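Protein chains: 2
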Amino acid sequence: MILKENEILDLERIKRLNLINSITGIKPANLIGTISSAGMSNLAIFGSTLHIGSNPPLLGILVRPVEEIRRDTYRNIMANACFTINHVPVGRVQHAHNTSAKFEQWESEFIECGFTEEFIGDFPAPFVGESRIKAGLSLQEELEIRSNGTVLLIGRIIMLSLPDDFISEEGYVDLELAGSAGLSGLNTYYSLTKLDTFPYVNREDVKEQT
Amino acid sequence: MILKENEILDLERIKRLNLINSITGIKPANLIGTISSAGMSNLAIFGSTLHIGSNPPLLGILVRPVEEIRRDTYRNIMANACFTINHVPVGRVQHAHNTSAKFEQWESEFIECGFTEEFIGDFPAPFVGESRIKAGLSLQEELEIRSNGTVLLIGRIIMLSLPDDFISEEGYVDLELAGSAGLSGLNTYYSLTKLDTFPYVNREDVKEQT
Chain A
11 MILKENEILD
21 LERIKRLNLI
31 NSITGIKPAN
41 LIGTISSAGM
51 SNLAIFGSTL
61 HIGSNPPLLG
71 ILVRPVEEIR
81 RDTYRNIMAN
91 ACFTINHVPV
101 GRVQHAHNTS
111 AKFEQWESEF
121 IECGFTEEFI
131 GDFPAPFVGE
141 SRIKAGLSLQ
151 EELEIRSNGT
161 VLLIGRIIML
171 SLPDDFISEE
181 GYVDLELAGS
191 AGLSGLNTYY
201 SLTKLDTFPY
211 VNREDVKEQT
Chain B
11 MILKENEILD
21 LERIKRLNLI
31 NSITGIKPAN
41 LIGTISSAGM
51 SNLAIFGSTL
61 HIGSNPPLLG
71 ILVRPVEEIR
81 RDTYRNIMAN
91 ACFTINHVPV
101 GRVQHAHNTS
111 AKFEQWESEF
121 IECGFTEEFI
131 GDFPAPFVGE
141 SRIKAGLSLQ
151 EELEIRSNGT
161 VLLIGRIIML
171 SLPDDFISEE
181 GYVDLELAGS
191 AGLSGLNTYY
201 SLTKLDTFPY
211 VNREDVKEQT
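Those protein sequences? They're chains A and B, same order as listed.
Throughout, the working numbering is defined as the position within the first sequence, counted from one, plus 10.
Throughout, the working numbering is defined as the position within the second sequence, counted from one, plus 10.
Repeated chains share a single entry, so a pair holds when one copy, or any two copies, can fit it.
The calculated EDC-like cross-link candidates involving lysine to aspartate or glutamate, where the alpha carbons are at most 16 Å apart (straight line), are:
#1 Lys25 - Glu15
#2 Lys112 - Glu122
#3 Lys204 - Asp184
#4 Lys204 - Glu186
Honestly, the hints are just simulated from the structure, not real lab data.
Here the structure is a predicted model, which means the values were calculated and not measured.
Required output: the full structure, derived from the provided sequences and hints.
Below, the structure is given as structure tokens:
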């Protein structure tokens, strides 16, 4: 089917929300770990992690700060300028999804949802013990998206933790071997099967293939 | 292994590029279709599509405009403020990857890489005939990321095309059924297998599970 703008806007609200949330394709399933000024840890499932650049190493997460409800992740990052991203393992997708429930401020999703807090060196925010691939970030930039009031928080990667055998000689990370999950929309999780790795491609190579 | 900031920066350039490009997890493999003022079509593989919001329906793509080499996608979007995103089917990942080669300005990636230009209604930019899920967007906002000079282009979805049977009653899109591919780093493609869909979760539901 083909939907035009007015037909998209006329969809029932939940259907539109789910459809539009799925339309970009697969998203990375990540748990964002933060800590409050009072030392209370927080963990939240995010599908909006975006690679921004590799030198300096930067990534972004999209947050929605201006709502009636409490936004612990945003508030904690604003308070101490650091956060962790942790890949969700395929065997833990339900636990990860549970972090989207609204817990009380004195409850940590680590405990409530069955994840282990892991502190590495003197990095202030908690990592997820069950995640195989994780990064610690320092807040670098905050960009407001005027069109809808969301905010892209950009962090500089200052620490990485992952098993050596997931990384090839060239630096490729094997997401199938790592068991990292993908997310579609707000609540559907996928496993990943590696199809192929292609070399850097030149115009002449393409011409020869055809 | 654990890498600290200085160790990340000390990695060999290509290895750092590949590692940091993989660290966010799986990315959606999308082909971005544009057209120049002179009517020349362009098609380019992107892994940086980001869901921004569903009301209004917005998504973003990250582009790197300020480089020595030609950036047709950015230039075309600046020229006529529209673009398409098209899911890469798992059977076409090599063709899609080939669009990353630097073709001459008078060559269209549609022809060179074996994709069919599809025009829907009076939408000016070309869609990909081989893609099952696609959206047409109108440029809404341009956000410069000061930390590295990249630009987040935000488009409003004004047209959607996808088969009815990929969409559930609730609006969930089945990416496995659609055969949409994921991308890791710059050049590794993945297929997707649906694991589970979870309902909206309440704090009390989580308490009961544990």
